[in-house]
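Undergrad: Next come the chains, spelled out residue by residue.
2 protein chains.
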Amino acid sequence: MTKKVRSVRPDTSFKETALALIQNRLSGVPVVDRQGRLVGIVSESDLLPREALDDDLLASAQAFFEGTFDWDSLFKNRKAVALTAGELMTTPVQTATPHTLLRQVAKRLSESGLRVLPVVDHGKVVGMVTRHDVLKVYCASDADTLCNVKDALEHRGYVPPRHCIDASVHEGIVTLGGTTIDPEGLRRALALVRAMDGVVAIRNLVRVDSSAG
Amino acid sequence: MTKKVRSVRPDTSFKETALALIQNRLSGVPVVDRQGRLVGIVSESDLLPREALDDDLLASAQAFFEGTFDWDSLFKNRKAVALTAGELMTTPVQTATPHTLLRQVAKRLSESGLRVLPVVDHGKVVGMVTRHDVLKVYCASDADTLCNVKDALEHRGYVPPRHCIDASVHEGIVTLGGTTIDPEGLRRALALVRAMDGVVAIRNLVRVDSSAG
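Those protein sequence lines, which keep their order, are chains C and X.
Going letter by letter, the first sequence gives residues 12 to 224 in the numbering used here.
Going letter by letter, the second sequence gives residues 12 to 224 in the numbering used here.
Quick caveat, the hints were computed from the structure, so don't treat them as lab data.
Hints are supplied without guarantee of correctness; some may be wrong.
As the list claims (entries may be wrong) - Derived pair list, reagent style DSS-like, types lysine-lysine, alpha-carbon separation capped at 25 Å:
id : chain 1 : residue 1 : chain 2 : residue 2
1  : C       : 15        : X       : 118
2  : C       : 147       : C       : 15
3  : X       : 118       : X       : 147
4  : C       : 147       : X       : 15
To be verified - Restraint-style ranges between C-beta atoms, simulated for each label pair:
id : chain 1 : residue 1 : chain 2 : residue 2 : range
5  : X       : 124       : C       : 220       : 32 to 38 Å
6  : C       : 152       : X       : 110       : 29 to 35 Å
7  : C       : 220       : X       : 122       : 17 to 23 Å
8  : X       : 122       : C       : 218       : 32 to 38 Å
9  : C       : 12        : X       : 158       : 26 to 32 Å
10 : C       : 214       : X       : 20        : 44 to 50 Å
11 : C       : 45        : X       : 222       : 23 to 29 Å
12 : X       : 122       : C       : 165       : 32 to 38 Å
13 : X       : 147       : C       : 15        : 42 to 48 Å
14 : C       : 45        : X       : 221       : 47 to 53 Å
In this text, a Cβ means the ideal position worked out from N, Cα and C, and glycines have one as well.
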């Protein structure tokens with residue numbers, strides 16, 4: 012999450028809104044009212060339609076001149092002619108709270124096609140979380156991931172003492188080997204490891220030895 | 012357009028592909044074959060599904076353990092289980108050439124929902140153009156835009172000498188005033204100004220004086 016939040020008002024001009032995105036390298040900026048309440052979000056995709064106006068349509072400036080230019084019917088997207096943040100913004104806004112799990116943030120971003128979610132706490136925007144923030148989990152080194160995996164397997168009691176599960180990590184892929192007598196314990200261990208930050212996949216080579224039970 | 016192109020191969024691992032995006036702050040990385048030909052593109056949205064895997068699905072690691080885990084039917088998006096750039100990538104790839112007009116780039120980005128287009132010249136990827144690049148046109152100052160508008164009106168012959176059209180610019184909005192005897196010349200002037208970088212909108216207050224003709 013980025014805590015430095017740049018926001019605009021509904022009456023902020025198109026250009027100032029565009030500059031807020033471009034100069035701060037943001038993919039979205041929240042729109043807040045005078046009380047600081049979130050009312051919408053303007054993202055790059057809200058600004059693009061204006062630049063995408065077709066040359067043929069531009070050529071029909073004659074109609075504009077004659078006062079017969081029917082913007083609404085000509086452009087599917089009214090945002091192409093918006094002049095303020097309030098006209099550009101997407102609403103209602105998908106949001107997260109400071110307590111939303113990273114996985115849920117990823118799900119909301121993925122399903123909505125959005126690149127950024129405002130993080131709202133008690134009605135105020137306290138941060139922004141982006142796709143980039145979510146994917147940063149893959150920056151963990153294999154060595155760090157292995158440490159976390161081993162720590163989880165050995166110290167958190169997910170694998171009973173009599174089990175012997177070993178782990179290695181390469182390119183974020185965790186390979187689990189060894190033997191267990193407890194399929195249920197292994198299931199929990201797999202779920203735990205899979206949910207860890209930076210784990211790309213699990214290769215499960217653990218052998219279930221029922222005879223040892 | 013960014014000329015420094017970072018690319019990956021179809022067999023580049025998930026993690027290395029993710030790192031290429033994250034560490035270079037890219038929204039998309041082209042996938043090229045051994046001959047350097049573009050075969051696909053991996054963007055942030057291709058990586059998100061894995062992080063968005065539902066906790067309920069994770070809990071079903073039991074099925075994974077039993078070898079009965081039906082990934083394809085369980086996940087709408089197979090990308091959630093992809094292990095290489097070749098499995099993650101989106102194909103066919105929308106592209107631009109070095110000669111594609113900015114407006115056409117904007118249109119392709121807007122309609123496709125993509126954030127980045129590879130720029131291809133003679134089969135090779137020579138650059139990447141992003142939404143950000145397109146929106147940079149709005150960074151032009153009002154003074155610079157006014158200079159360009161006046162230059163165009165006065166020196167490029169779009170407005171015949173006997174016309175008197177003046178211009179002002181505020182927040183990227185160009186206001187044209189004055190008088191003309193030639194609606195067609197005005198139409199061309201409007202189209203010209205509308206197509207200029209950094210122009211948010213045109214307010215046309217030009218009066219057509221047919222009596223002067």
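Undergrad: Each hint needs a verdict: does it hold in this structure or not?
TA: Taking the hints in turn, this is what the structure says about them:
For the given pair, residue 15 of chain C sits about 31 Å from residue 118 of chain X by alpha-carbon distance, which is inconsistent with the 25 Å threshold. The straight-line distance between the Cα atoms of residue 147 of chain C and residue 15 of chain C is roughly 18 Å, inside the 25 Å bound, and the hint therefore holds. Restraint check: the Cα-Cα separation between residue 118 of chain X and residue 147 of chain X comes to about 15 Å, which is no more than 25 Å; the hinted pair holds. Between residue 147 of chain C and residue 15 of chain X the alpha-carbon distance is near 22 Å, which keeps this suggested pair within the 25 Å criterion.
Residue 124 of chain X and residue 220 of chain C have their C-beta atoms about 51 Å apart, which leaves the hinted 32 to 38 Å range violated. For residue 152 of chain C and residue 110 of chain X, the Cβ-Cβ distance of about 43 Å falls outside the hinted range of 29 to 35 Å, so the restraint is violated. Between residue 220 of chain C and residue 122 of chain X the Cβ separation comes to about 57 Å, which falls outside the hinted range of 17 to 23 Å. In this structure, residue 122 of chain X and residue 218 of chain C break the distance hint of 32 to 38 Å, their C-beta atoms being roughly 52 Å apart.
Separation of residue 12 of chain C from residue 158 of chain X is about 42 Å and departs from the stated range, judged on CB atoms against 26 to 32 Å. For the pair residue 214 of chain C and residue 20 of chain X, the beta carbons lie near 22 Å from each other, so the given range of 44 to 50 Å is not met. Against the hinted window of 23 to 29 Å, the Cβ-Cβ separation of residue 45 of chain C and residue 222 of chain X comes to about 50 Å, which falls outside the hint. In this structure, residue 122 of chain X and residue 165 of chain C break the distance hint of 32 to 38 Å, their C-beta atoms being roughly 52 Å apart.
Checked against the hint of 42 to 48 Å, the C-beta distance between residue 147 of chain X and residue 15 of chain C comes to roughly 22 Å, which is inconsistent with it. Take residue 45 of chain C and residue 221 of chain X: their Cβ atoms lie about 48 Å apart, and the range 47 to 53 Å holds.
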